[in-house]
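K.L.:
Below are the chains, spelled out letter by letter.
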Amino acid sequence: MAALLEARRVSKVFGGRMFARSSTVALEDFSLTVEGDRPSITAVVGESGSGKTTLGRLLLGLLTPTSGQVSYAGQDLQTMSSTDWTSFRRDVQVIFQDPYEVYNPFYRVDHVLTTPVSKFKLAASKAGGRALIEDALEAVGLRPEETLGRFPHQLSGGQRQRVMVARALLLRPRLIVADEPVSMVDASLRATILGSLRKMNEELGISIIYITHDLATAYQISDNVVVLYRGAVAEAGDVELVVKHPRHPYTQLLIASIPLASTERTWTTDGVAASAGLPDPGRSGCTFAARCPSATAPCRQAAPPLFQTDRHRAVSCYLHQSAPPLDGAEMDKVLSHRGG
Amino acid sequence: MRYHTRAGAVTAAADVSLELIADERLGLAGESGSGKSTMVLAILRMIKPPGRIEGGAVWLDDLDLMTLSEEQMRQVRLARIALIPQGSMNSLNPVMRIKDQIADALRDHGVVVSRRHLEERVRDLLQSVGLAPGVADKFPHELSGGMKQRACIAIAISLRPRVIIADEPTSALDVVVQKQVMETLARVQRDLGASVILVGHDMGLIAQFVDRLGVMYAGKLVELSPVRDIFADPLHPYTRMLVATLPSLERKGVFQGIPGLPPLLGALPSGCAFHPRCPHAVDRCRTEEPRFREARPGAWAACHLL
Numbered sequence: 001m002a003a004l005l006e007a008r009r010v011s012k013v014f015g016g017r018m019f020a021r022s023s024t025v026a027l028e029d030f031s032l033t034v035e036g037d038r039p040s041i042t043a044v045v046g047e048s049g050s051g052k053t054t055l056g057r058l059l060l061g062l063l064t065p066t067s068g069q070v071s072y073a074g075q076d077l078q079t080m081s082s083t084d085w086t087s088f089r090r091d092v093q094v095i096f097q098d099p100y101e102v103y104n105p106f107y108r109v110d111h112v113l114t115t116p117v118s119k120f121k122l123a124a125s126k127a128g129g130r131a132l133i134e135d136a137l138e139a140v141g142l143r144p145e146e147t148l149g150r151f152p153h154q155l156s157g158g159q160r161q162r163v164m165v166a167r168a169l170l171l172r173p174r175l176i177v178a179d180e181p182v183s184m185v186d187a188s189l190r191a192t193i194l195g196s197l198r199k200m201n202e203e204l205g206i207s208i209i210y211i212t213h214d215l216a217t218a219y220q221i222s223d224n225v226v227v228l229y230r231g232a233v234a235e236a237g238d239v240e241l242v243v244k245h246p247r248h249p250y251t252q253l254l255i256a257s258i259p260l261a262s263t264e265r266t267w268t269t270d271g272v273a274a275s276a277g278l279p280d281p282g283r284s285g286c287t288f289a290a291r292c293p294s295a296t297a298p299c300r301q302a303a304p305p306l307f308q309t310d311r312h313r314a315v316s317c318y319l320h321q322s323a324p325p326l327d328g329a330e331m332d333k334v335l336s337h338r339g340g
Numbered sequence: 341m342r343y344h345t346r347a348g349a350v351t352a353a354a355d356v357s358l359e360l361i362a363d364e365r366l367g368l369a370g371e372s373g374s375g376k377s378t379m380v381l382a383i384l385r386m387i388k389p390p391g392r393i394e395g396g397a398v399w400l401d402d403l404d405l406m407t408l409s410e411e412q413m414r415q416v417r418l419a420r421i422a423l424i425p426q427g428s429m430n431s432l433n434p435v436m437r438i439k440d441q442i443a444d445a446l447r448d449h450g451v452v453v454s455r456r457h458l459e460e461r462v463r464d465l466l467q468s469v470g471l472a473p474g475v476a477d478k479f480p481h482e483l484s485g486g487m488k489q490r491a492c493i494a495i496a497i498s499l500r501p502r503v504i505i506a507d508e509p510t511s512a513l514d515v516v517v518q519k520q521v522m523e524t525l526a527r528v529q530r531d532l533g534a535s536v537i538l539v540g541h542d543m544g545l546i547a548q549f550v551d552r553l554g555v556m557y558a559g560k561l562v563e564l565s566p567v568r569d570i571f572a573d574p575l576h577p578y579t580r581m582l583v584a585t586l587p588s589l590e591r592k593g594v595f596q597g598i599p600g601l602p603p604l605l606g607a608l609p610s611g612c613a614f615h616p617r618c619p620h621a622v623d624r625c626r627t628e629e630p631r632f633r634e635a636r637p638g639a640w641a642a643c644h645l646l
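These protein sequences, in sequence, are chains A and B. Quick note, the first sequence lines up with residues 1 to 340 if you use this note's numbering. Quick note, the second sequence lines up with residues 341 to 646 if you use this note's numbering.
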């Protein structure tokens with residue numbers, strides 16, 4: 001089991017040293033492994049401020065961890081040689097949230113596709129490069145003749161995002177980090193984009209880390225899900241277990257808040273609105289304690305470790321302390337594997 | 341409603357007729373560019389050039405808004421129809437305290453009140469949207485996204501409007517906060533006895549919130565039905581496909597997008613605008629535009645196949 005991308009005990013603190021009053025712990029003691037030989041889709045779910053985007057940036061080497069390390073094929077991203085770095089930049093691709101911001105408005109959309117082709121010398125000839133680009137566009141459901149030669153403003157948001165998926169695909173990466181790839185796209189196009197991600201995973205063996213705030217789409221495409229709350233893992237494991245039978249009070253709250261598109265009204269808009277104003281939790285105790293309906297004194301004193309409640313799930317909550325505790329660095333042990 | 345551009349005039353919304361019942365929550369859904377926001381702006385007469393309203397009437401009780409002068413219309417806005425625009429939390433003035441922003445709206449609409457009354461009124465308004473009185477003295481940057489959005493709702497309801505139009509009011513918020521904001525909106529609507537038009541493309545939010553739903557496609561209303569019917573047994577093929585694209589927590593791994601793209605408003609297909617994407621299209625759909633008619637009691641749609 002060779003690890004493709006591995007995060008070990010990664011923390012990221014912004015502003016000041018750790019434990020300093022002015023600092024913000026964006027991510028704390030996070031570990032995750034993406035296997036090289038078994039393509040998987042892992043969803044990282046959390047609200048704004050949960051640290052999910054920080055995590056994505058750390059995994060891409062765009063941020064330096066305050067402590068811990070992120071390594072690719074055994075090499076620490078921060079100390080790897082420039083040849084390794086080049087191959088990392090080719091093997092690990094990213095799809096960002098905003099398909100409006102990633103384009104230079106003065107260039108035709110072809111630019112984002114031809115640049116990687118020439119930079120990584122993907123094709124021997126111009127025609128060969130063109131053929132590669134056309135294949136990639138068709139794979140995401142775009143017609144090359146309707147897409148190439150246009151300026152970004154001439155394409156819809158969904159089309160632009162699909163061009164970004166095509167760009168990622170072009171490089172035949174081994175891993176794609178997709179940070180909210182569909183949150184700015186119309187609902188009718190979300191399914192198409194998520195479908196092509198899933199297809200890339202199944203047919204081309206590309207692993208995907210899907211970062212989102214939307215548990216419903218996470219449930220749709222991923223095998224495993226990691227729920228983050230204020231920089232810490234609340235619950236992680238097999239997506240069926242976490243979504244269908246959530247154990248952490250925060251996951252339960254998240255799932256109860258999803259407005260489901262069905263005839264069944266599961267949402268009660270008749271309740272009294274809960275307070276959204278949150279005191280800073282400080283750095284001791286469970287990060288969710290201030291909002292948790294089941295919080296007790298121990299929750300406010302020390303953050304709970306992970307407890308392995310099921311074979312494929314771990315929950316960071318004292319409500320489940322009868323289950324065996326799991327070291328944070330071993331969180332990925334509970335992640336399930338398709339056909340494994 | 342047409343936009344006059346150098347490339348020619350474009351019809352952004354055509355022949356849309358809607359009746360909003362008192363106390364009702366009506367949804368307006370559609371892809372981007374379907375004309376839903378245009379509709380809302382037209383109702384408020386807030387279309388800016390090169391856009392122009394070419395015809396039609398908007399009745400509020402027995403007042404035709406299209407016949408009002410600009411000044412009269414300005415008084416109607418907020419006082420009788422309030423808008424919570426998309427991303428409205430970013431529309432707060434960053435250098436004014438929340439209470440001054442609320443007071444501004446009251447004063448502008450001729451509600452002259454003493455300072456003490458004003459403070460009381462601001463406190464009541466904040467309380468009705470679930471915010472602490474202390475929020476009155478805060479600047480927008482001191483509040484979270486959900487709190488800012490609720491402050492905007494407070495401004496919107498400050499003159500007890502008959503109609504509240506919310507255009508994707510929660511699109512930038514997290515699910516938990518979104519639910520709180522929608523609960524707030526539901527509560528103030530009930531308290532005021534107002535009607536709400538909720539515009540958006542989040543079908544989940546719409547399913548959970550509205551009573552009736554209008555679905556727009558290429559500037560026209562293609563279906564208008566009770567929301568339960570829309571999700572249980574949609575009439576129009578477009579609605580059916582739209583509902584089928586939604587992720588659910590029951591079915592896993594089925595990805596069903598709508599093939600094709602929405603048409604360009606400048607080059608609408610002949611006949612039914614949806615026919616190039618419709619799996620059931622017949623010859624008639626290519627030539628003749630379907631009429632919007634009542635297919636079931638209370639459920640309207642524009643499709644030849646019904």
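Derived from the structure by calculation, the hints contain no laboratory data. Among the clues, some could well be false.
Said to hold, decoys possible - Calculated Cβ distances over 12 Å to all of chain B for the following chain A residues:
(1) Leu62
(2) Asp186
(3) His337
What the hints assert, rightly or not - Here are the simulated EDC-like cross-link-like pairs (lysine to aspartate or glutamate), alpha carbons at most 20 Å apart as the crow flies:
(4) B:Lys592 / A:Glu146
(5) B:Lys592 / A:Asp238
(6) B:Lys592 / A:Glu35
(7) B:Lys592 / A:Asp37
(8) B:Lys592 / A:Glu264
Glycine included, every Cβ here is placed at the ideal spot set by N, Cα and C.
K.L.:
All the hints need checking, so say for each whether the structure fits it.
P.N.:
Against the structure, the hints come out as follows:
Every C-beta of chain B lies more than 12 Å from that of Leu62 of chain A, the closest at about 23 Å, which supports listing it as non-interface. With a least CB separation of 5 Å from chain B, Asp186 of chain A falls inside the 12 Å interface cut-off, contrary to its annotation. Interface exclusion of His337 of chain A from chain B stands, the closest Cβ pair being 16 Å apart, more than 12 Å. A C-alpha spacing of about 32 Å is found between Lys592 of chain B and Glu146 of chain A, which places the hinted pair above 20 Å, so the restraint is violated.
Restraint check for Lys592 of chain B and Asp238 of chain A: the C-alpha separation of about 13 Å stays at or below 20 Å, so the hint holds. Taking the CA atoms of Lys592 of chain B and Glu35 of chain A, the gap is near 23 Å; set against the 20 Å cutoff, the hint is violated. Taking the CA atoms of Lys592 of chain B and Asp37 of chain A, the gap is near 24 Å; set against the 20 Å cutoff, the hint is violated. Taken as a hint, the Lys592 of chain B and Glu264 of chain A pair is honoured in the structure, with Cα atoms around 18 Å apart against an allowance of 20 Å.
Figure legend: structure checked against the earlier numbered hints; hints not met, in rising order: 2, 4, 6 and 7.
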